[in-house]
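Protein chains in written order, with the numbering used here: chain A, 36 to 306; chain B, 441 to 819.
Hints were generated in silico from the structure; no laboratory data involved.
Since the model is a prediction, treat every value here as computed from it, not as a measurement.
Please note that the accuracy of each hint is not assured.
Unchecked claim - If the Cβ cut is set under 10 Å, some of the chain A residues that face chain B in the computed set are:
#	residue
1	D198
2	T200
3	C204
4	G209
5	S211
6	Y214
7	T215
8	R218
Beta carbons are placed, not taken as given, at the ideal position from N, Cα and C, and that holds for glycine.
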Amino acid sequence: MQRDLGDRVYGGLVGALAAASTLLLLAPTLVVLIISLTSGMTLKFPPPSWSLRWYVELFRSPEILAPALTSLRVASCTTLFSAVLGSAAALGIFNSRSRLARLLDALFMSPMVLPAMAFSLSLLLVFNVIGLRLSFWTLVLGHTIVCVPFVIRMVGAAVQQLDPTLVTCSLSLGASRWYTFRRITLPLIRRGITAGSLVAFLSSFDNVPVSLFLADARTEVLPIKLWAILEGSLDVRVAAVSGVIVVITLLGLVCAEALGGLSRSFGKPSP
Amino acid sequence: MSSSAIRMQTAAAAPEARGCALALAGIGHSFGGTIALDAIDLTVAPGELIALLGPSGCGKTTLLQIIAGFLQPSRGSVAFDGLRVDHTPANRRRIGMVFQNYALFPHLTVAENVAYGLRARQAPRAMIQSRVAEMLARVQMTAFGARFPRQLSGGQQQRVALARALAIDPVLVLLDEPFSALDKNLRLDMQIEIKSLLKSCGVTSIIVTHDQEEALSMADRIVVLNKGRIEQIDTPDALYDAPASLFVNGFIGHANFLEGRTTDPRGHVALAAGGTLALPQAGQRPAGTEITVSIRPENLTLSAGDAPGAIPTTIRVVMPLGAVSVIECVMASGESVKVSQSRAAWSGQPGVPAWLGITDITKVHVFDAPAGSPSITRP
Numbered sequence: 036m037q038r039d040l041g042d043r044v045y046g047g048l049v050g051a052l053a054a055a056s057t058l059l060l061l062a063p064t065l066v067v068l069i070i071s072l073t074s075g076m077t078l079k080f081p082p083p084s085w086s087l088r089w090y091v092e093l094f095r096s097p098e099i100l101a102p103a104l105t106s107l108r109v110a111s112c113t114t115l116f117s118a119v120l121g122s123a124a125a126l127g128i129f130n131s132r133s134r135l136a137r138l139l140d141a142l143f144m145s146p147m148v149l150p151a152m153a154f155s156l157s158l159l160l161v162f163n164v165i166g167l168r169l170s171f172w173t174l175v176l177g178h179t180i181v182c183v184p185f186v187i188r189m190v191g192a193a194v195q196q197l198d199p200t201l202v203t204c205s206l207s208l209g210a211s212r213w214y215t216f217r218r219i220t221l222p223l224i225r226r227g228i229t230a231g232s233l234v235a236f237l238s239s240f241d242n243v244p245v246s247l248f249l250a251d252a253r254t255e256v257l258p259i260k261l262w263a264i265l266e267g268s269l270d271v272r273v274a275a276v277s278g279v280i281v282v283i284t285l286l287g288l289v290c291a292e293a294l295g296g297l298s299r300s301f302g303k304p305s306p
Numbered sequence: 441m442s443s444s445a446i447r448m449q450t451a452a453a454a455p456e457a458r459g460c461a462l463a464l465a466g467i468g469h470s471f472g473g474t475i476a477l478d479a480i481d482l483t484v485a486p487g488e489l490i491a492l493l494g495p496s497g498c499g500k501t502t503l504l505q506i507i508a509g510f511l512q513p514s515r516g517s518v519a520f521d522g523l524r525v526d527h528t529p530a531n532r533r534r535i536g537m538v539f540q541n542y543a544l545f546p547h548l549t550v551a552e553n554v555a556y557g558l559r560a561r562q563a564p565r566a567m568i569q570s571r572v573a574e575m576l577a578r579v580q581m582t583a584f585g586a587r588f589p590r591q592l593s594g595g596q597q598q599r600v601a602l603a604r605a606l607a608i609d610p611v612l613v614l615l616d617e618p619f620s621a622l623d624k625n626l627r628l629d630m631q632i633e634i635k636s637l638l639k640s641c642g643v644t645s646i647i648v649t650h651d652q653e654e655a656l657s658m659a660d661r662i663v664v665l666n667k668g669r670i671e672q673i674d675t676p677d678a679l680y681d682a683p684a685s686l687f688v689n690g691f692i693g694h695a696n697f698l699e700g701r702t703t704d705p706r707g708h709v710a711l712a713a714g715g716t717l718a719l720p721q722a723g724q725r726p727a728g729t730e731i732t733v734s735i736r737p738e739n740l741t742l743s744a745g746d747a748p749g750a751i752p753t754t755i756r757v758v759m760p761l762g763a764v765s766v767i768e769c770v771m772a773s774g775e776s777v778k779v780s781q782s783r784a785a786w787s788g789q790p791g792v793p794a795w796l797g798i799t800d801i802t803k804v805h806v807f808d809a810p811a812g813s814p815s816i817t818r819p
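Please build the complete structure, drawing on both the sequences and the hints.
Here it is as structure tokens:
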């Protein structure tokens, strides 16, 4: 009886905590989605009545569409570079038992741990010292450095799950190292690369600190533009942009899950 | 590439090509300061099935990796058909390997797994198809070509792994603890199946195992390894009947070791357990030499009454194992002895006194080293 009571209290407590965290996670997203569907002129919650007018407005606003396109280009380039560099690094680090590999791992991970502001400022100073002028590509470089750790982490998890005997076996069957990489290693870590790339893309797309420091005057990215708009006026178009981003992100996650399971790449090695 | 393709075509024309002769000369290997292998000499005839047998850490896996070309030995040479392959990388040695966990490629179907080695060598498509069909038929897996490895049972996975290894028409097949992941019931069936398959292919095969039963049942000859050295190379029967060392005696089959001391140079031995034996094989030793006498459980009989030459003992445990019972007895010296005899022949209960007799005195082995030496590891 006593124990039953304790169990119930424990269950209730855990349930309440889970509900509270879920609410905390979902509420902002839901609120912004709801507000974006207002027919009014303000970011008032709840909206007086419903309409899609701000979404229509959005697609008539070149001053928002242009930065959105820039952000897409930056995020795409960043994802490509991060995926290639991060996968190569993960393969090197997690196939090696040397101390240097552990050191490199920590080094590559450092942008994830360091405050992004401090890191961006120092990168800006470095560019200054070596005389590199800010451009689209300096921005991509900065984004790549902060996004590579995501790819390394997730591809690394996939590499660690990969049975090294499979590679040995492939070699024993007469395959070259390159053939083994293409036919065995790559297909078996593809899930990690997909998941890592997706996270790299999203994290580049909404990155503010790096963009703030490393973008030149002509390269305007979406998050900074949105902030600028919000500063001037409480424009409902910002909510509409957020709505679009939330929906696209959800679609991306659903696709990745369907393609092979993002959650599994985050999880523990399968038995 | 073209040369290997041509070789594959000729292989298709004559799939029963014989395996190669293997010669290991003076192989030695050290990891850091630890000697893993020392002075290994071994010649294997084409088509022969050899077992590398030894306890874990004896160097058998290291030797396998050296033969496969995954490890460069510190000393010595490996030759296939008289040609040294020391500088031939693993993927050019034409060796079929079967791994302990089978190492089937999880993202490829059974047929694609079997075809893998041929595709890697860029064999012609038609040749690959016919070869895969042939190999799957040989291991009775034709119906499973489109399945993925995770949909197969352990025995089926092993068949696929063997088909994949044999598909490249190897000159040598290496099997690393191939049966350890299988159920005990399935093991014997797979051993029979694989042995007959390897024999019918005529390929030279080396099987690494720590399981003496597996080695005895599979191999033409067994190489017993201990601490990186070869203890004995011989046929299963010879290893069992004439072990060259105490280690081999203890490792192959069961053996009872009894301490004793010669009482004269003609081979009379006083056992610590009590009783005296006349052992001609203990002769040529001065009186008073400490020896170890090894008697197999099936060479002992128990009787309820005293008989001439019998040694008194006490029954501890009786284990009926189907056709035979294994009876453990305690000697006066505290040494324990196992006796294996037909269930009908003994019905004594634990705790009762009994007398031990030796059936065939010529099958008793005598060694100089004391029993219970730490080098003996029994499976």
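Hint validity - A/G209 Cβ closer than 10 Å to any chain B Cβ: Since the shortest Cβ distance to chain B is 5 Å, the answer is holds.
Once the shortest beta carbon distance from A/Y214 to chain B is found, is it less than 10 Å? 5 Å, holds
Per the CB criterion, is A/T215 less than 10 Å away from chain B? 8 Å, holds
Do the numbers back the hint for A/T200, that is, is its least Cβ distance to chain B under 10 Å? Cβ of A/T200 sits 4 Å from chain B, so the hint holds.
Hint A/S211 vs chain B: min CB-CB distance below 10 Å? Holds - the Cβ of A/S211 comes within 10 Å of chain B, reaching about 6 Å at its closest.
Status of the hint placing A/D198 at chain B (closest C-beta pair under 10 Å): Holds. Min distance 7 Å.
Taking the least C-beta to C-beta distance, is A/R218 closer than 10 Å to chain B? Hint holds; A/R218 Cβ to chain B Cβ min 8 Å, cut 10 Å.
Under 10 Å is the threshold here; is the Cβ of A/C204 close enough to any Cβ of chain B for the hint to stand? Hint holds; A/C204 Cβ to chain B Cβ min 4 Å, cut 10 Å.
Figure legend: structure checked against the earlier numbered hints; every hint is met.
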